[in-house]
Amino acid sequence: MAVKIFIATDQLDSVLEKLATKIDLWIPALLKEDKSGPTGFIPYEPGKSPVFERQTTLPTKKLLLPQVETLLRFEYKKDPEGGSTSSIVVDDARQVRPTLVFGARSCDVRALITMDRVFSQGPYVDPYYVERRKNTFFATLVCEQNDSKCFCSSVGGGPADMEGSHLKIVKLDEGYVVEALTKEAGSLLEGLGEAVDKAKDTKAGKIVKEASKRIVGDLDTKGCAEAFRNRFAQNDFWVQMVSQCLSCGVCTYVCPTCYCFTITDETQNLKGERMRSWDSCMFSQYTLEASGHNPRPTKLERYRNRVGHKFSYIPEKYEGILGCCGCGRCIRSCPVTIDIRQVVGNLKENSNEQ
Amino acid sequence: MNNNPYLPEMATVQEVITETGNIRTLRVTLDNKERMDQFSFRPGQVGQLSVFGTGESTFVINSPPTRKDYLQFSVMKTGEVTSRIHQLNAGDKVGVRAPLGNGFDFEAMKGHDILFIGGGIGMAPLRTLLLYMIDNRADYGDITVIYGARSPKDLCFTYEFADWRAGNVNLVLTVDAEFPGWKERVGFVPTVLNEEAPSPNNRLAVVCGPPIMIKFVLFNLKELGYEDPQIITTLEKRMKCGIGICGRCNAGSKYVCLDGPVFSYDQIRAMGGEL
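Line order of the protein sequences matches chains A and B.
If you read the first sequence in my numbering, its first letter stands for residue 1, the second for the next number, and so on.
If you read the second sequence in my numbering, its first letter stands for residue 1001, the second for the next number, and so on.
To be clear, the hints were calculated from the coordinates, so they are not data collected in a lab.
All values derive from a computational prediction rather than experimental measurement.
Built from N, CA and C at the ideal position, the CB exists for glycine as well.
Be a bit skeptical, because a hint or two may be false.
With a straight-line cut-off of 25 Å between C-alpha atoms, the simulated DMTMM-like cross-links for lysine to aspartate or glutamate are [stated by the list, open to error]:
{"id": "1", "chain 1": "B", "residue 1": "K1215", "chain 2": "B", "residue 2": "E1195"}
{"id": "2", "chain 1": "A", "residue 1": "K134", "chain 2": "A", "residue 2": "E17"}
{"id": "3", "chain 1": "B", "residue 1": "K1033", "chain 2": "A", "residue 2": "E53"}
{"id": "4", "chain 1": "B", "residue 1": "K1237", "chain 2": "A", "residue 2": "E301"}
{"id": "5", "chain 1": "B", "residue 1": "K1077", "chain 2": "A", "residue 2": "E266"}
{"id": "6", "chain 1": "B", "residue 1": "K1215", "chain 2": "A", "residue 2": "E289"}
{"id": "7", "chain 1": "A", "residue 1": "K78", "chain 2": "B", "residue 2": "E1195"}
{"id": "8", "chain 1": "A", "residue 1": "K78", "chain 2": "B", "residue 2": "E1015"}
{"id": "9", "chain 1": "B", "residue 1": "K1033", "chain 2": "A", "residue 2": "E17"}
{"id": "10", "chain 1": "A", "residue 1": "K206", "chain 2": "A", "residue 2": "E301"}
{"id": "11", "chain 1": "A", "residue 1": "K35", "chain 2": "A", "residue 2": "E17"}
{"id": "12", "chain 1": "A", "residue 1": "K48", "chain 2": "A", "residue 2": "E210"}
{"id": "13", "chain 1": "A", "residue 1": "K149", "chain 2": "A", "residue 2": "E17"}
{"id": "14", "chain 1": "A", "residue 1": "K198", "chain 2": "A", "residue 2": "D173"}
{"id": "15", "chain 1": "A", "residue 1": "K77", "chain 2": "B", "residue 2": "D1031"}
{"id": "16", "chain 1": "B", "residue 1": "K1237", "chain 2": "A", "residue 2": "E266"}
{"id": "17", "chain 1": "A", "residue 1": "K62", "chain 2": "A", "residue 2": "E131"}
{"id": "18", "chain 1": "B", "residue 1": "K1068", "chain 2": "B", "residue 2": "E1034"}
{"id": "19", "chain 1": "B", "residue 1": "K1077", "chain 2": "A", "residue 2": "E289"}
{"id": "20", "chain 1": "A", "residue 1": "K62", "chain 2": "A", "residue 2": "D116"}
{"id": "21", "chain 1": "A", "residue 1": "K77", "chain 2": "B", "residue 2": "E1015"}
{"id": "22", "chain 1": "B", "residue 1": "K1077", "chain 2": "A", "residue 2": "D220"}
{"id": "23", "chain 1": "A", "residue 1": "K271", "chain 2": "B", "residue 2": "E1195"}
{"id": "24", "chain 1": "A", "residue 1": "K213", "chain 2": "A", "residue 2": "D173"}
{"id": "25", "chain 1": "A", "residue 1": "K206", "chain 2": "A", "residue 2": "D220"}
{"id": "26", "chain 1": "A", "residue 1": "K222", "chain 2": "A", "residue 2": "E301"}
{"id": "27", "chain 1": "B", "residue 1": "K1033", "chain 2": "A", "residue 2": "D91"}
Computed beta-carbon distance windows for the label pairs [unchecked claim]:
{"id": "28", "chain 1": "A", "residue 1": "V68", "chain 2": "B", "residue 2": "N1003", "range": "51 to 61 Å"}
{"id": "29", "chain 1": "A", "residue 1": "V89", "chain 2": "B", "residue 2": "E1195", "range": "53 to 63 Å"}
{"id": "30", "chain 1": "A", "residue 1": "D92", "chain 2": "B", "residue 2": "K1033", "range": "15 to 25 Å"}
{"id": "31", "chain 1": "A", "residue 1": "E131", "chain 2": "B", "residue 2": "Q1038", "range": "26 to 36 Å"}
{"id": "32", "chain 1": "A", "residue 1": "E75", "chain 2": "B", "residue 2": "N1032", "range": "11 to 21 Å"}
{"id": "33", "chain 1": "B", "residue 1": "L1275", "chain 2": "A", "residue 2": "G191", "range": "18 to 28 Å"}
{"id": "34", "chain 1": "A", "residue 1": "V68", "chain 2": "B", "residue 2": "E1034", "range": "27 to 37 Å"}
{"id": "35", "chain 1": "A", "residue 1": "V89", "chain 2": "B", "residue 2": "D1105", "range": "38 to 48 Å"}
{"id": "36", "chain 1": "A", "residue 1": "S291", "chain 2": "B", "residue 2": "D1135", "range": "48 to 58 Å"}
{"id": "37", "chain 1": "B", "residue 1": "K1215", "chain 2": "A", "residue 2": "D236", "range": "45 to 55 Å"}
{"id": "38", "chain 1": "B", "residue 1": "R1269", "chain 2": "A", "residue 2": "R94", "range": "40 to 50 Å"}
{"id": "39", "chain 1": "B", "residue 1": "A1090", "chain 2": "A", "residue 2": "V68", "range": "34 to 44 Å"}
{"id": "40", "chain 1": "A", "residue 1": "V68", "chain 2": "B", "residue 2": "E1223", "range": "22 to 32 Å"}
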């Protein structure tokens, strides 16, 4: 029997407080005082109330791929005899603690299907990601967002999709029904909340059932990889699609499946760190070579690469899975209203003409 | 390599050779002697050379697997990391992540005549395969090398040209313009290629050099009757991770660092993407 508990709305804070003693707990919350301002995931603190009403502005991405992280540390050591540099100590900087994200959404978790392939399918496995992934648990809300920018059902997900989640959260008027989907997650719930009575269980079941029936988004992604290849060299098409792009990169910043990064060394005196930080394919420097040559010199090539990466290159490389989780964040955040659904939809429209 | 592909192995610079005004060659050995003895790679595979505190850059290991006293990297001073590498001396410590990438399919090349066409620093990736073939000379037919640079001062590996010729290699050297004391050919590489016109019969062309040279060499090779699968090159891209993850060196769904850098022209055409 799966472990299932009920948390009354006024008990949520005390339950989260107890949960936080068992595991590092992250919740969706306001990033500024402004109630309508941006939201994102932050470490839980007593008194901080989670924002479950709307999808977070920023995804859970940084839990697995921090915006900046240390890959290794090094230190030049002076040889007391010779006085010159004699050795370098390099150590791997990993420190990962078990973490629970309470209040993720299925799109956030679905993104990990893409991320997992990239970081752990090999031939090279990224140990930093893999270790975080193993130690990060997701309590996922059965989603009631369904706004005009969402399209999770178009990319294989759905509002009640629990693939990859460890706990399921169903929001009722009077509180939350939380169900463990794995044994390990069940032990996290021990001693928390109260038993779920039949009425609440039925209500929760109904909400889940309705959510699983909901089709969110109407983008047809079938054949998009091939359509992209056919469109690749049609400059007119891409000019039309991205003429208003500002190359600001916000679409990649808010995207749960955008993982491209750069590696740089930071150093002070004889000590330093090699860091990895988020990068963006929307920036011209991303591919600029030391010789001055740039394979993607304008926003046209760069935006085309972003669409291609998600809807053609990733499916081609990883047995058809898409590099998009349908969260709609790039559409919501774009200052010039570029809509990736339109671009992908248009790939197929008359793609053999022009 | 260890189980963390981002961790370099410590290595020591054994020798620095000044090739040209802006190209230096470093010979390095891994500090772990056992690893150095076991180190195996294919000609054309690359390594990430790092100077801790400045960063990492990708270079082909241009010494062949048949000569393993050291790993050799030739570095043109162009950016931040390469400038720092140019300051290194024998005895200095560097990090090495290698071997990475695919390398040349030297097995499939057996029994063929080979035409190397190199320009400037582009000779480095060809050198490893050339020396491998010289060390296994009986496996390959005619080996012709057309190597050019702006001036005699811009040619790399000049100190071993005699050894190449002694290895039964038809070495054709050329510079862009007349130069006092220069006794070899004068003219751009694509022009010299047309003058030499090596038959495409049972021959593979291995090309590396600046984009403008590649462009005209390709055109001329096609004119000479070479088909796309007979033309092999090593691609260049900005790289960071070197292991097919960080995202920037893709051409279509292929990563130059992982699936390349060696591709034949039919493969390049099939993968699409920006070059």
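Cross-check of the supplied hints:
1. As the CA atoms of K1215/B and E1195/B are separated by approximately 17 Å, the hinted pair is consistent with the 25 Å bound.
2. In summary, the hint linking K134/A to E17/A is supported, as the alpha carbons are separated by about 23 Å, within the 25 Å threshold.
3. Of the supplied pair hints, the one linking K1033/B and E53/A is violated, its CA atoms being roughly 60 Å apart against a limit of 25 Å.
4. A distance of roughly 15 Å separates the Cα atoms of K1237/B and E301/A; the hinted pair therefore holds under the 25 Å criterion.
5. Distance hint between K1077/B and E266/A is fulfilled; the C-alpha atoms sit about 21 Å from each other, no more than 25 Å.
6. Of the pairs offered as hints, the one joining K1215/B and E289/A holds, with about 18 Å between alpha carbons and a cut-off of 25 Å not exceeded.
7. Restraint check for K78/A and E1195/B: the C-alpha separation of about 58 Å exceeds 25 Å, so the hint is violated.
8. The hinted pair formed by K78/A and E1015/B meets the criterion: a straight-line CA distance of about 22 Å does not exceed 25 Å.
9. Using a Cα cut-off of 25 Å, the hinted pair K1033/B and E17/A is violated, with the two alpha carbons roughly 53 Å apart.
10. For a cut-off of 25 Å, the pair hint linking K206/A to E301/A is broken: about 47 Å separates their Cα positions.
11. Between K35/A and E17/A, the direct Cα distance comes to roughly 23 Å. Compliance with the 25 Å bound is thereby established for this hinted pair.
12. The suggested pairing of K48/A with E210/A is violated, with an alpha-carbon distance near 30 Å, which exceeds 25 Å.
13. Distance check on the hinted pair: K149/A and E17/A sit about 34 Å apart at the alpha-carbon level, beyond 25 Å; violated.
14. The straight-line distance between the Cα atoms of K198/A and D173/A is roughly 15 Å, inside the 25 Å bound, and the hint therefore holds.
15. Proximity of K77/A to D1031/B is assessed by CA-CA distance (about 16 Å); at most 25 Å being required, the pair is judged to hold.
16. The straight-line distance between the Cα atoms of K1237/B and E266/A is roughly 23 Å, inside the 25 Å bound, and the hint therefore holds.
17. For the proposed pair K62/A and E131/A, the alpha carbon gap of about 14 Å is at most 25 Å, so the pair holds.
18. Only pairs whose Cα atoms come within 25 Å are accepted, and K1068/B paired with E1034/B is accepted, the gap being roughly 13 Å.
19. A threshold of 25 Å between alpha carbons decides the hint, and for K1077/B with E289/A the separation of about 13 Å falls inside it, so the pair holds.
20. Note on K62/A and D116/A: the hinted pairing holds, with a Cα-Cα distance of about 14 Å set against a maximum of 25 Å.
21. The straight-line distance between the Cα atoms of K77/A and E1015/B is roughly 22 Å, inside the 25 Å bound, and the hint therefore holds.
22. Between K1077/B and D220/A the CA atoms are separated by roughly 49 Å; this puts the pair beyond 25 Å, and the hint is violated.
23. Restraint check: the Cα-Cα separation between K271/A and E1195/B comes to about 56 Å, which exceeds 25 Å; the hinted pair is violated.
24. With a C-alpha separation of about 21 Å, the suggested pairing of K213/A with D173/A holds against the 25 Å cut-off.
25. Between the alpha carbons of K206/A and D220/A the distance comes to roughly 28 Å, so the proposed pair goes past 25 Å and is violated.
26. Our distance criterion of 25 Å between C-alpha atoms is met by K222/A and E301/A, whose separation comes to about 23 Å.
27. Distance check on the hinted pair: K1033/B and D91/A sit about 20 Å apart at the alpha-carbon level, within 25 Å; holds.
28. Checked against the given bound of 51 to 61 Å, the beta carbons of V68/A and N1003/B, roughly 23 Å apart, lie outside it.
29. Our hint of 53 to 63 Å for V89/A and E1195/B holds, since their Cβ atoms are close to 56 Å apart.
30. Hint check: D92/A to K1033/B, Cβ distance near 22 Å, so the stated range 15 to 25 Å holds.
31. Distance hint check: the CB atoms of E131/A and Q1038/B are about 27 Å apart, consistent with the given range 26 to 36 Å.
32. In this structure, E75/A and N1032/B meet the distance hint of 11 to 21 Å, their C-beta atoms being roughly 19 Å apart.
33. In this structure the supplied range 18 to 28 Å is violated for L1275/B paired with G191/A, their Cβ-Cβ distance being about 60 Å.
34. At about 35 Å, the CB distance of V68/A to E1034/B agrees with the hint of 27 to 37 Å.
35. Distance hint check: the CB atoms of V89/A and D1105/B are about 39 Å apart, consistent with the given range 38 to 48 Å.
36. Distance hint check for S291/A and D1135/B: the Cβ-Cβ separation is about 32 Å, which falls outside the suggested range of 48 to 58 Å.
37. Distance hint check for K1215/B and D236/A: the Cβ-Cβ separation is about 25 Å, which falls outside the suggested range of 45 to 55 Å.
38. At roughly 42 Å, the beta carbons of R1269/B and R94/A sit within the given window of 40 to 50 Å.
39. Look at A1090/B against V68/A: about 35 Å separates their beta carbons, and that is inside 34 to 44 Å.
40. Judged by the Cβ atoms, the range 22 to 32 Å given for V68/A and E1223/B is violated: they are separated by roughly 52 Å.
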